[in-house]
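Q: Each chain, letter by letter, is given below.
2 protein chains.
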Amino acid sequence: MPSYKAPLDDVQFLWNDVFRVDRYSNLPGFADASPDVVSAILTEAAKFCEQVLTPLNRTGDQEGCTRHPDGSVTAPTGFADAFRQMREGGWIGISAPEEFGGMGLPVTLTEVVNEFLCSANMAFAMYPGLTQGAIAALLAHGTPEQKALYLPKMVAGEWTGTMNLTEPHCGTDLGLLRAKAVKQADGSYKITGTKIFISAGEHDLADNIVHLVLARIEGAPQGTKGISLFVVPKVVPNADGSLGARNVVACGSLEEKMGIHGNSTCVMNYDGATGWLLGEENRGLHGMFTMMNEARLAVGMQGLALSEVAYQNAATYAKERLQGRALSGSKHKDKPADPIIVHPDVRRTLMTIKSFNEAARALVMWTALQSDLAHRSQDDKTRQAADDHMGLLTPVIKGVLTDTGFANTVMAQQLFGGHGYIAEHGMEQFVRDARITMLYEGANGIQALDLVGRKLPKDGGRALQAFFAEVQGLIKQHSGDDGMKPYTEPLGKALSHLQAATMWFMQNALAKPDNAGAGSHDFMHLFGLVALGTMWCRMAAAAREKLKAGANGSTERMNAKLVTGRFFMERMLPETGAHLSRIQSGSASMMELPDEAF
Amino acid sequence: MPSYKAPLDDVQFLWNDVFRVDRYSNLPGFADASPDVVSAILTEAAKFCEQVLTPLNRTGDQEGCTRHPDGSVTAPTGFADAFRQMREGGWIGISAPEEFGGMGLPVTLTEVVNEFLCSANMAFAMYPGLTQGAIAALLAHGTPEQKALYLPKMVAGEWTGTMNLTEPHCGTDLGLLRAKAVKQADGSYKITGTKIFISAGEHDLADNIVHLVLARIEGAPQGTKGISLFVVPKVVPNADGSLGARNVVACGSLEEKMGIHGNSTCVMNYDGATGWLLGEENRGLHGMFTMMNEARLAVGMQGLALSEVAYQNAATYAKERLQGRALSGSKHKDKPADPIIVHPDVRRTLMTIKSFNEAARALVMWTALQSDLAHRSQDDKTRQAADDHMGLLTPVIKGVLTDTGFANTVMAQQLFGGHGYIAEHGMEQFVRDARITMLYEGANGIQALDLVGRKLPKDGGRALQAFFAEVQGLIKQHSGDDGMKPYTEPLGKALSHLQAATMWFMQNALAKPDNAGAGSHDFMHLFGLVALGTMWCRMAAAAREKLKAGANGSTERMNAKLVTGRFFMERMLPETGAHLSRIQSGSASMMELPDEAF
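Protein chains in written order, with the numbering used here: chain A, -13 to 584; chain B, -13 to 584.
Possibly wrong hints are sitting among the right ones.
Identical copies carry no separate label here, and so any pair may be met within one copy or between two of them.
As the list claims (entries may be wrong) - Derived lysine-lysine pairs resembling DSSO-like cross-links, with alpha carbons at most 27 Å apart:
| id | residue 1 | residue 2 |
| --- | --- | --- |
| 1 | 176 | 211 |
| 2 | 133 | 176 |
| 3 | -9 | 305 |
Think of the hints as simulated: they come from the structure by calculation, not from any bench.
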C-alpha cells in the first residue's frame, strides 16, 4: 500500500526563503497569510491528506464509481465521508472571497494544498478542484444574484461544480459544438445536447451539482463566436437557496477509462434542461478562457503531485529492497544483499525525479504568486507583468509538468521491477492516473501550439522579452559568485538555446507556419527546462544564503538542495541542445509524405 | 475497436532488399525459406493475426483470466480456440528441428511471425512464446530422453512451457533464491518453493504445462553458483508420452496487474513436486543464460510490436478525426474541419513512431539473422562474430526497443486526446501492455548494466570494435554518394559520440565503477540510436538502389522510406549529444546525497 507525506519543509523553504511571500503583505489577503497561519493550514491539510485521503486512493481505484439504473452515481466507499471532512475543514474556499464564506487567502496557498490533495488522491481531489474552477467562473462572470445564490453553497462544499465543454465530435475544436440553448419567456434557456468526459458530473458527495455548460443559442453564428456559457444546476434552487425541482439533466453512462477510477467521468445528457446565461451571449469561450490559465496551472500541478507521491514510494522501496551488491563493493555486508539505492542507476532515477519535483514546485508557486498579483495588485504595471507571466508560463507548466510528471511516475514504477506492474504496490495506479493530465484541459500538443502560436507573438513578444530579461538578470546578479557557477553557467547556455530557437521561429515560421508547428513541442520543453533551471538558480541562491546565515537546523536539507540542483543542471539541461537542433530541422521531412503513406 | 494489419511489405523489403536473406541459402533450413515459402507463411500468419487474434485482444483484456477454487485457470473466452488454430498452423515450431516435428526454418522467420502475433494480441502470444523459450532450453540442455519425451508435444503445442525464476524476495538477484530440490532415490527431485510472476503458469489451452524451475539442491553452495534448473511437468508424463499423475504444483493465485490481462500471471506453489534435473547440477543459471539472448531479443521485439499496432491505429485516427484547420490554410474546405493529420505536431508524432518502428524491425531482423548464423553456420569465425553481435546488441534491443516502444504507445494514445484515455479505443491497453516489456526478462536498468559492465569489456572489447568497424565501413562505403549524405553524416556524428562515451568509460570507470553505472542508461540509448541510425543507412541505400532499378511498383514506398529515414536522422539523432554530456557528467552528483536525503 503506497504512502504519502506532504513536503511541508520544501514548501516552507519556497514560501519563506525563495519567494519570501511576506514581501507581498500589502496585497489583500496576504497579510492574513502570516507564516504561522500558513504553517497551521498546511499542517492540517497534510494530516487530512496523509491520514484520510491516502488510504482511499487505492480502494477508490479498485472499486471505482457506480452508476445506478436511475442514473444516480455513487463514488467509492469512503469518498462521501472524506468530502464531508474536506468541507468541514473549509479547504475548498481557502482563496474564495470572505463575503461568500471563503478565507480570502492567496491562490498560492490553495495551489499548495491542492498539490497535497492530488498526491494523496487525485481522483478525489478532482471533486473539490472542479468546484473551485466553477467558483472562479461564477466570480468572474456571474450576476450579483447568481453569485449570491450559488457561491456560498459551493464555497461551503454543499454543492459541487463541473465544466461541460466536450462533445463526442469536438474537444479541441469547440467551434464545432452542437449543444443548443433556446431562450424562454422568463429569461432562462432550455439546454439540449450531449457532453462527454464530464468529471464529477454525477455523484453522491453533495446535495447539488452546478454544471457550467457551453451551448449555442438558437440563431447564433457558426464557429467559436456563437458559443455561450450557461449555469445548469442538477436541482434548480429556489431563490432562498433551498432545493427545488430536479432539472432535466442526467448521467447517461460512466466512461470506462485508464485511471482516475475514483472520479465519476460522465456522459451527460441535457434534454431541455433549464439553464441561465453566465456572462454575455456568444462570449462563452471568452468566459472559459478567463479561467483557463488557473485551470491549466492546476493540471500542471497535478503532474507534479503524482510525480511527488510516486517518487516518495520509489525512494522508500529503494532503501528497503535488498538485491545485488554495490558496484564499488558491498555496502551492507551484514545483510544478504545491499538495498538497491546503492546502485548509481537507481539514484539517477531518483535524482531525476527529485530534481524535477523541487523545481516544478517552485515554478508552480512562482506562477501562482503571479496569479495573485494579477488579481490583487493595485499597481497596473505589476498586474500587467504578472498577467504576462501567467499567460506565457501557463502552457509551459501544463505541458511540461504533465509530460514529465507522467514520465516520472513511469520511472518510479520501474524501480520496483516486476512488482511495479502489480496493482498491490500502487505504482501502476500513479502511472494510469497521471496519464490523464497530458490529455485534459487541452492536450499537450495544444499547449505547445498555444505557446508558440499565441503567447510568443502576443503584444510584440512583450511577455517573452520580460522572461528573458528576468533570467538574464538572475544570471547577472550571481555572476560574481563562483559558488553559483554550476547553476548559472548551464542556465546561461540553455537560455541561449531558447533565444536561438525563438530567433529561428521569427526567421522561418512567419512565412511558413508549419515550421512553428513542427518545433512547438520541442520549444515548449526547451522553455520548460529554462524555467525549471531558473528555479534551481533561485533555490540554490536561497540555500547558499541560508547556509551562510547558519541554516537554523536545516544545513543538511540546504546541502541536499545544492547537490540536487547540480544534478539537474548536469543531467537535464543538456537536452536543450537537442531540442534546438530538432526545431532548426524544420517541418520539411514531416510534411513531405502524402497522407496515405501513414 | 483497434485494428491491425501485418506490415508484410516492410518485412519483404527487409528480407529481400536490405538483408538479402537468400545469400544465406547455404545454411541449414535457409534453402527451404525461399521467397515463395516465406511469403506464403507470412501471409497466412498475417491472416491469423488480423482476423483471429486482433478481435480477441480487447475482450481478453476486459475479461482477463479466471482462477477457480480448485486452482485451475481459464484463459479469456476465445483464447483456447485461437490456440488450437495456432497449433494447427504449426506456428510454434517454425524454427524447431524437423526431428521433433518443427519446420526447421530460420529463427529470423519466427521472429517476424512473433512480431505479428504480439501486435495482434500480446497477452495471447505469450503462451506460445514461453513455450518456444522452454523448447529452446530443452534443446540446449535436455538429455536425449528428455527431448524425445517433451519436445514433440511442445512443438506441436499440445503442451506449453513456462520459466520459473522469480521469488518474492528475489528477481534481479537470483543468488538469493530459496526454492529447494531434494534428490530422490530414482534420480528425480522433490521441488519445494514459491515462484511469482509466472506467465502462462496455469491455463486451459493445453493438456500439460512443462515448468522449467530454478531451485537449489540440498547442500548446494550459496549464491548463484548453487542454482540448478529442473523440468517439472504439471502432469507427469508416462514414458510413452501419455499423461500420468497430477504433479504437486499449483497456481496459488493470479497476480492483479496493470496489463496483459489475457495472460495468466501466476503465483506457483511447489510442494514437493517431482522434477528432473535439466543440464548440470548447480549450472542452472548458465542454462538460463544460454537462452537469455533469444528471450531478450523477443521482448525487445514486443516493444516494437506494440509500437507498431499503436502507430497504425493512431495514423488511422489522425486521418479520420476532423478538428481544427491546417496552420497553412484549410486543406478540406468541404468538411467542417480538417483531419488532424494536417497538423505538423500530429505528423511529428506519427513520423517519430514510424521512423522508429521501421528501423527497429530492421534491427531485430539483423540480429535474429546473427542468431541463426551463430547456431547454424559451419564457419567458426562467422559463428563467433555472430555470437559477438548477439551478445552486444541484445541488451540494447531489449532496453531501447521496450523503452521507446512504450513511449511510442503513449505518444500514439496522445493523438486521440481524451478519447485515448477511454478503454473503448484500445489505445490505453497498448500502453498498459507495453509497460511490462520494460520490466520483465531483466528490467531495463539491468540491460544497461549488462551492456556497460559485461558486454563492452568482454574479450577485450572485441564485439564493440567489430560493431564500430561495421558502422564505419557502412559510412565509408557510401561516402562518394551525395544522396546518402543525409543519412551517413548524422550517423557519423552519432558514432563519434558513442566512441567518445566509450573512451570516457575507459578513462573514468575502471577506477570508479560508479561512473559506468551512472552513465549506463544513457550509453544504452546512445548505442540504440547509433544502431537504429545504421539500419536507416542500410535501408536508405537499399531503397535508392531499388529506385534506380525501377522499383517495380514500389516507388512510392521507397520514396517514403527515404523521407522517413531523413526524419529519423534529423529528429532522433540529435539526442546522442545530450546522452554524451550526461555520461561525461559522471556519478558525483547522484552519489553524493546520504540515503536519508531521499
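Q: Is the C-alpha distance from residue -9 to residue 305 at most 27 Å within one copy, between copies, in both cases, or in neither?
A: The answer is within: 16 Å in one copy meets 27 Å, while 46 Å across copies does not.
Q: Using 27 Å as the alpha-carbon threshold, which applies to residue 176 and residue 211: within, between, both, or neither?
A: The answer is within: 20 Å in one copy meets 27 Å, while 77 Å across copies does not.
Q: At most 27 Å between alpha carbons: which applies to residue 133 and residue 176, within, between, both or neither?
A: within (21 Å within a copy, 76 Å between copies)
The structure fails none of the hints (numbered hints given earlier).
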